[in-house]
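Protein chains in written order, with our numbering: chain A, 27 to 270; chain B, 27 to 270.
Repeated chains share a single entry, so a pair holds when one copy, or any two copies, can fit it.
With a Cα cut of at most 25 angstroms, we get these calculated SDA-like pairs of lysine to any residue: (1) 220 - 96; (2) 220 - 138; (3) 220 - 114; (4) 220 - 113.
If you're looking for bench data, these hints aren't it; they were derived computationally from the structure.
Protein chains: 2
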Amino acid sequence: LNLPVAPEELERRLREIGRERSHHRHPFHRLLQEGRLGRGQVQAWALNRFYYQSLIPLKDAAILSRARDVEFRRAWRQRLVDQDGDTEGEGAIARWLLLTESLGLDRELVVSCQGVLPAVRFAAEANLRFVRERSLLEAVASSLTELFAPGALAERVAGMLAHYDFVRQEALAYFQARMEQAPRESAFALGFVKREARTPEQQEAVMGALIFKCDTLWAQLDALFHAYVQPGQIPAGAFVPEDR
Amino acid sequence: LNLPVAPEELERRLREIGRERSHHRHPFHRLLQEGRLGRGQVQAWALNRFYYQSLIPLKDAAILSRARDVEFRRAWRQRLVDQDGDTEGEGAIARWLLLTESLGLDRELVVSCQGVLPAVRFAAEANLRFVRERSLLEAVASSLTELFAPGALAERVAGMLAHYDFVRQEALAYFQARMEQAPRESAFALGFVKREARTPEQQEAVMGALIFKCDTLWAQLDALFHAYVQPGQIPAGAFVPEDR
Numbered sequence: 027l028n029l030p031v032a033p034e035e036l037e038r039r040l041r042e043i044g045r046e047r048s049h050h051r052h053p054f055h056r057l058l059q060e061g062r063l064g065r066g067q068v069q070a071w072a073l074n075r076f077y078y079q080s081l082i083p084l085k086d087a088a089i090l091s092r093a094r095d096v097e098f099r100r101a102w103r104q105r106l107v108d109q110d111g112d113t114e115g116e117g118a119i120a121r122w123l124l125l126t127e128s129l130g131l132d133r134e135l136v137v138s139c140q141g142v143l144p145a146v147r148f149a150a151e152a153n154l155r156f157v158r159e160r161s162l163l164e165a166v167a168s169s170l171t172e173l174f175a176p177g178a179l180a181e182r183v184a185g186m187l188a189h190y191d192f193v194r195q196e197a198l199a200y201f202q203a204r205m206e207q208a209p210r211e212s213a214f215a216l217g218f219v220k221r222e223a224r225t226p227e228q229q230e231a232v233m234g235a236l237i238f239k240c241d242t243l244w245a246q247l248d249a250l251f252h253a254y255v256q257p258g259q260i261p262a263g264a265f266v267p268e269d270r
Numbered sequence: 027l028n029l030p031v032a033p034e035e036l037e038r039r040l041r042e043i044g045r046e047r048s049h050h051r052h053p054f055h056r057l058l059q060e061g062r063l064g065r066g067q068v069q070a071w072a073l074n075r076f077y078y079q080s081l082i083p084l085k086d087a088a089i090l091s092r093a094r095d096v097e098f099r100r101a102w103r104q105r106l107v108d109q110d111g112d113t114e115g116e117g118a119i120a121r122w123l124l125l126t127e128s129l130g131l132d133r134e135l136v137v138s139c140q141g142v143l144p145a146v147r148f149a150a151e152a153n154l155r156f157v158r159e160r161s162l163l164e165a166v167a168s169s170l171t172e173l174f175a176p177g178a179l180a181e182r183v184a185g186m187l188a189h190y191d192f193v194r195q196e197a198l199a200y201f202q203a204r205m206e207q208a209p210r211e212s213a214f215a216l217g218f219v220k221r222e223a224r225t226p227e228q229q230e231a232v233m234g235a236l237i238f239k240c241d242t243l244w245a246q247l248d249a250l251f252h253a254y255v256q257p258g259q260i261p262a263g264a265f266v267p268e269d270r
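Work out the full structure, taking the sequences as your base and the hints as a guide.
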């Protein structure tokens, strides 16, 4: 007998997935926030993460493009504003470029997305393809990794400021803004998922979507670890830090 | 020898396509603005057109979802605001519902999109699929039908007010707003197309995209004419006016 679980139980299971699979727990993130990376490794992280970052508004627009409900679209549209801002220099993407610049990376190199690890590219693009091809419910559920963001972001910011003399407070404006935006966004997405996932199959699909999204974030950090930490094999064409 | 034409020549050819194929010239639109339709026929038009209307924000979000340039996205995003508004009752979709309501159509019937002619559905969906599947350049070019809108909209509004006692000025708020928005939007899209279509192949693709879009609008009016004017064969499941 296959019955749906209560919305609260679904939420509990989703948070459980986050506890086990959230990329905040990845060894690379641990090294990052414990101050155990060199400047070149932090550069590699920021440059690769920009690629993922640059696809987020495309991902959110793809979700918008499948949402037939005006109210849903009005709420989700705010994510595009958060990402792209209203004018030059505003929004999450511009704030991430503040970080990469303060780390000494050439802006044009970062924006060109040259030097990004192929595995990071593939994982970020898998995420975009997922929201285009799967159901709207799964697409929304795949955004739920934000649910686990605020605490982890605060910890990362504190750790980076404490341990790296090459990281200035201003360069972390991205994280400050995300700590405010992520709870609003994840509350909306969680409410939608709890309301719309009514059958056991839909609930399974929702959990599968969150696991998938966690996998895409984890795989990006695996690739960074492999290339820049251990064994430190940088694939041809990928970014090579100067301090290496 | 296959050479690209100058951007101004491309614009001239696009406007030529509009003169020949714009749906404003369709016999159904002529009857509409000359006051030669009955109330039920105007209802059928407004109800069917709502379906096309309701897909426009999805179409624009699909274009956003493929645009890697932040500035482009910031500009195109405004279309979502124009369509959906910032709050309940705002935006083009809400204004179209003012029109259908003032024509005596039940709001829930219209929003449910029941009774829409299958051919209208297929044509509107072909438009959405086109922007999802073709190049960004073609997707933008397919939006250029707005280039021909302002004059035609003014004529339609004047004609409808002059001829139909069941059409009130307030019900035409949609058209008033579009007359302001369409020139801004089409100027942006035309500038993009003239700048980006550099090879003969791209210029051909741009013209093809505009012809395709004109075809999808024309086909919708053909279906309305067939069902509600001549021969007046309403397919099973489609809206049947009370005054028929």
